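Protein chains in written order, with the working numbering: chain A, 1 to 309; chain B, 1001 to 1312.
In short, the hints are calculated from the structure, not lab data. It is possible that part of the hints are untrue.
As the list claims (entries may be wrong) - Here are the computed lysine to any residue pairs in the SDA-like style, where the Cα-Cα straight-line distance is at most 25 Å:
1) B:1304 - A:96
2) A:38 - B:1104
3) B:1271 - A:123
4) B:1171 - B:1189
5) B:1225 - A:284
6) B:1304 - A:196
7) B:1271 - A:119
8) A:94 - B:1306
9) A:94 - B:1283
10) A:38 - B:1185
11) B:1271 - A:232
12) A:38 - B:1101
13) A:94 - A:193
14) A:177 - A:254
15) A:38 - B:1285
16) A:94 - B:1286
17) A:38 - B:1292
18) A:38 - B:1220
19) A:94 - B:1282
20) A:86 - A:227
21) A:136 - A:149
22) B:1225 - A:232
23) A:127 - B:1271
24) B:1146 - B:1022
25) A:38 - B:1105
26) B:1225 - A:230
27) B:1271 - A:121
28) A:191 - B:1104
29) B:1146 - B:1220
30) A:86 - A:186
As the list claims (entries may be wrong) - Computed spacing ranges between beta-carbons, pair by pair:
31) A:122 - B:1302: 50 to 56 Å
32) A:149 - B:1080: 24 to 30 Å
33) A:181 - B:1182: 31 to 37 Å
34) A:192 - B:1137: 54 to 60 Å
It should be emphasised that the depicted structure is a prediction, and the values quoted were computed from it without experimental measurement. Note that beta-carbon positions come from the ideal geometry of N, C-alpha and C, so glycine has one too.
The residues making up each chain are set out below.
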Amino acid sequence: MTSSQIEVLLQTLISGLLLGGLYALIGIGMTLIMGVMKIINLAHGELMMVGMYVAFVLFSSFHVDPYLSVFVAVPVLFILGVLLQKFLINPVLKVEAIIPENQVILTVGIGMVLANVATIIFTSDYKSTPVEYATKAWYLSDIWKETPIELSLSMPWSVSFLLAIIITVLLWFFLTKTDMGKSIRATAQDKDAALLMGVNVERLRVFTFGLGSALVGAAGCLLLPIYYLYPDLGGQFTLIAFVITILGGLGSTVGAIIGGIILGIFESLTSTYVGMGWAPVGRFVIFVAALIFFPGGIVAILKRKRFGK
Amino acid sequence: MKRILPPVILVLLALLPLLGLSSYWMHIFILVIMWAVIGMAWNLLGGYCGQVSFGHAAFFGVGAYTAGILYNKAGLSGWWGLPLSIVAVTASALVIGFICLRLRGPFFALGTLAMGVILRVTTENLRSLTEGDLGIMIRERTWTEKTWYFYIILSIAASTYFVVRKVIESKLGYYFVAIREDQDAAESLGINTTFYKNIALCLSAVITGIAGAFYTNYMGYIDPKVVFALHDISIVTIMVVMVGGVATFWGPAVGAVIMVLLAELIRSIPKLGAAHHTLFGILLIVIIIFLPNGIVGDLPKLRKIFRLGRTS
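Bound-form chain B, shown alone (with noise of 0.2 Å):
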């Protein structure tokens, strides 16, 4: 059952835009599948490796504008951005790692939103190679329709969970729980943590950035505020895994489900969507004190609240 469920999944939403659905619903289910490609990201990172990234912004936004910026001064396709983002995110990678991964716990935490901050200003102030504050747009759409930019994304997400299910159940998964669990432990049995949290950092940025450089071609306009968002982008990352469930495969899907949803629901609600921020912090919250774990990484405890639910 385990083993067939991914492929019966993957057809299942392949078979999808058949539907017929509404441009919004398609809308939807492309942003649900992109945000679960960044939660399964920052989820090797964050949740196998143990290394807490604040500022996975920063990956996402540095893959956005090397399609923007191939696009507006290259005069290249913006879909190139792609497989170009990969130089360019994992040198951004190596930099912030070089830097960040000597801390440790929550200092990386922090050292990892500085980095994000870092380049948001930077691009707010690089005005000759992004335009700043204005932003960059693609003014020609690869697809009216978009059926196309599903499929996509769909493949971009099932090329990153077979990835993720690759690397952790190979000898570097079991790596990367080792420095998790006790570094210095880790360290002592002769594994190399900076290496292999190096690679962690890389691979995890890659996937976001090419996230990211689907989203400029897909949302066709970039500013500096939108990619490098502290709050709309590093945070809901975080959030997406933690309320899906930390290190778990369905884990981000589930949370990405859920947030995006959230969002656009809470957005539909005139009144409500003012507050959306506090209802998230407060989802946060709740999460944290009662599920720690996630949604799919609590379940045995969601279980048994429900059967105590329909006993008494």
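Chain A on its own, in the form it takes in the complex (with noise of 0.2 Å):
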């Protein structure tokens, strides 16, 4: 390999690991839920989607900075979530029917709803926060002079990396030492146990469905600086959001994590290997490589190798 192709390949990975660090955020959202009430929320994209419209709102009419806005959004979208869980989403767990889906189907409708709202509401153009920091990058050659390959690392993408990895950080915090996250964890484990150990598993599902909504907010805030926004962005990071979970193992927020991880440097590796639009296709490749060679996901090879299976 040539040093242009090392460099090609080293800037690849890192951007496809600081789209991966936004992914596993996007992803444990939608892990929390799924592990906690064990159903799935095909409008967790729709939810960011309306958390980045709360951000670029706050950023077309008072010019606040859309990081920043990631205070606003995240107690937004938990009341958001809160709702949507209370009036909607339970009723429907309680119904009777023949088929078992229902919840999944209401949550698409929930989606659907959201997304038409945001093009009525803001019209289906493309919008962007034009902040100052755009387009400002560090380079390896500012910090050693003689490098022989030159690297660069997009400050919006890496200030957004590690917002993600400190908001990781506190929910870890919480899922682990507080009371709340503890019987968050009881609950995805053994729903009837923890009921049984006095959870109130009623309130607590409404309060993930808050949380996963609020996580999934607060990454839509972070994706905005680097990304663009339009009402029918939510679909695709839905179906993201649901590789991530297969990928890392149902149910498990450090499956998230890697599985983000994993998705954002192969999806980064197909668009530059095989072409820009493929990226999606890759997406699924993997999607579907997870399903037939470890449909337990990453957590269950770590499970083996720790049981030393």
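Two chains, two separate frames, one set of hints: put the complex together.
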């Protein structure tokens, strides 16, 4: 390999890693909801879209930096998630029907409404937030003068990545150190046992849906400075989140993080070496491969290692 | 009464073009019947066998593109797509089934959804074969009148109804319902669940594919965003069945009438047109919460509500 080829490869891997960090944050929200409630939220990407529009409105009318609007988008999305769970999803979980997948179809309906309402309010034009640091980057040659290869690190990408890591770490503390977090993990492991131990499962479900929505809303704010925004962008991210959960192992937070990073790197590789248009196909090749070769996801592989099987 | 109803409806529909309806209304009838066909196909897999597919656009699109590519590349009439799509769709259904049928419940739903998207993106990118985003245009229409299209889709619908009815009333149908109710129990009774799920998937896919091939010939233009559409094909298919009635013979037909008329009605009101997904979404939510088994399935419930309204 010549040095320029190495340069392209390393650059691709770096951007894949940065993308993967954001994907992981999107995936964690979905995997939490899936783990605790055993329901699939197909409105996940649309909720992220709502978060992005919250940040966009704050930016365009009050010039609030998209990163700061995390503090607004998170509570807004939390409340939205709580309301959706309380008034739409919970009633459906109680209804007897021939098809058990009713709640999945319900979340599709919710997603359709959210995307369409966004189209009506904001039109289907592509929007972006022109922040002044959007094109700034750090270069390897700035630190190391006689570097043989030149690498760059886009500033908004790396800031978003760092913030995604911070949010993930905070979530980890919440899930492992607080009572609420412990009850969430207990419910995910065994709902009935958790109920017997005095966990208010009903309230916890509502809270978890809110938390999952808040996380994906935060991911939306982090994505806004580096991506463009249009009302139908949700569907594609719902699928990404789903691929990550399958890849990582259902309901596993660690799996979602690793899955997100693998997906990000793989997607970045496909778009560099196969072609931009094929990146979504690469995503699903991973998905299909995960289903066929390691159905339990990454978590199952990790567990097998740990138990020495 | 119940026994003579299907032939009576068929005869009535067959006489319809004689009324001299405007070509707009013929178009609406053709769409309704096409959606009824797709709905019946989905119902076979989703309603009876319990495998909820979110990716029927995949089969619809493969059928449509079989006809389109035959016309565009092989220079054959697009109508050859109807018989030949059976081969193409069966092949794709077997591959999709191999990957997705190992998943259960909601995960199957999402697996098929992903398959629909994979096929759309592949079609968009395989420019040499499919013309990519440009789509395929059938330049010479077979008929300018809609009457023959109507009879063709009507005969497809009649045969679909017949096939679905025969399958569901045979042993196969009972296997399907057994798999839907409890897959493990069905397996323990010696039903080869994978095999029968594959049969249900293939049957359902083939019928959907034929509808897709018909669509190419009827509309004269296809592109990946239209025939592999997630919302406008896959989700509308589910809605047709959910609104009409899951696991009922007439549900998809009722659902198709309601959905197509509703879509046209919404589109004709200028301000409301932009919001048609919102209204569809709200309809879906309302149906799932209040009539989870659809209009036909929850008919007794509906009757009760209306009777209560009258007495009070």
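Structure-based check of all given hints:
no., hint, verdict
1, B:1304 - A:96, "18 Å, holds"
2, A:38 - B:1104, "13 Å, holds"
3, B:1271 - A:123, "14 Å, holds"
4, B:1171 - B:1189, "14 Å, holds"
5, B:1225 - A:284, "18 Å, holds"
6, B:1304 - A:196, "39 Å, violated"
7, B:1271 - A:119, "13 Å, holds"
8, A:94 - B:1306, "24 Å, holds"
9, A:94 - B:1283, "19 Å, holds"
10, A:38 - B:1185, "22 Å, holds"
11, B:1271 - A:232, "20 Å, holds"
12, A:38 - B:1101, "19 Å, holds"
13, A:94 - A:193, "20 Å, holds"
14, A:177 - A:254, "16 Å, holds"
15, A:38 - B:1285, "19 Å, holds"
16, A:94 - B:1286, "15 Å, holds"
17, A:38 - B:1292, "20 Å, holds"
18, A:38 - B:1220, "44 Å, violated"
19, A:94 - B:1282, "19 Å, holds"
20, A:86 - A:227, "32 Å, violated"
21, A:136 - A:149, "19 Å, holds"
22, B:1225 - A:232, "13 Å, holds"
23, A:127 - B:1271, "23 Å, holds"
24, B:1146 - B:1022, "10 Å, holds"
25, A:38 - B:1105, "11 Å, holds"
26, B:1225 - A:230, "17 Å, holds"
27, B:1271 - A:121, "13 Å, holds"
28, A:191 - B:1104, "20 Å, holds"
29, B:1146 - B:1220, "13 Å, holds"
30, A:86 - A:186, "21 Å, holds"
31, A:122 - B:1302: 50 to 56 Å, "38 Å, violated"
32, A:149 - B:1080: 24 to 30 Å, "55 Å, violated"
33, A:181 - B:1182: 31 to 37 Å, "35 Å, holds"
34, A:192 - B:1137: 54 to 60 Å, "59 Å, holds"
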